[in-house]
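Residues 3 to 73, numbered by this note's numbering, are exactly what the sequence shown covers, in order.
Please keep in mind that the hints were generated in silico from the structure rather than gathered at the bench.
A few of these clues could be false.
Claimed, not checked - What follows is a set of in silico ranges between Cβ atoms, one per label pair, in the way DEER data are often shown: (1) I36 to W65: 20 to 28 Å; (2) R52 to N19: 20 to 28 Å; (3) G59 to A39: 18 to 26 Å; (4) L60 to N19: 36 to 44 Å; (5) L34 to E55: 26 to 34 Å; (6) N19 to W65: 35 to 43 Å; (7) V41 to V62: 30 to 38 Å.
Note that beta-carbon positions come from the ideal geometry of N, C-alpha and C, so glycine has one too.
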Amino acid sequence: MRRAVEINIFKGFPIRNDGLKLSHLQYADDTLCIGEASVENLWTMKALLRGFELASGLKVNFWKSCLMGIN
């Protein structure tokens with residue numbers, strides 16, 4: 003995720019004026035992904051999760067996942 007933000011394929015949420023962006027928070031086995039509300043970010047997120055599945059052999063349960071837009 004960090005690399006996706008660095009190469010600008012995932013747009014995190016800006017939290018300071020110096021360019022620092024928040025893209026994810028993790029605790030135990032939970033991950034909260036935070037980013038700009040755009041279709042491109044959604045497709046990137048899905049591709050990153052699929053890549054994680056292939057690399058780790060684990061399965062992402064999309065039925066237990068939630069996508070929310072907040073203004």
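A quick look at each hint next to the structure:
Checked against the hint of 20 to 28 Å, the C-beta distance between I36 and W65 comes to roughly 21 Å, which is consistent with it. Here the CB-CB span from R52 to N19 is close to 34 Å, at odds with the stated 20 to 28 Å. Between G59 and A39 the beta carbon distance is about 31 Å. The supplied range of 18 to 26 Å is therefore violated. For the hinted restraint 36 to 44 Å between L60 and N19, the CB-CB distance of approximately 37 Å keeps it satisfied.
Checked against the hint of 26 to 34 Å, the C-beta distance between L34 and E55 comes to roughly 19 Å, which is inconsistent with it. About 39 Å separates the C-beta atoms of N19 and W65, a value consistent with the hinted range of 35 to 43 Å. Our hint of 30 to 38 Å for V41 and V62 is violated, since their Cβ atoms are close to 20 Å apart.
Figure legend: structure checked against the earlier numbered hints; hints not met, in rising order: 2, 3, 5 and 7.
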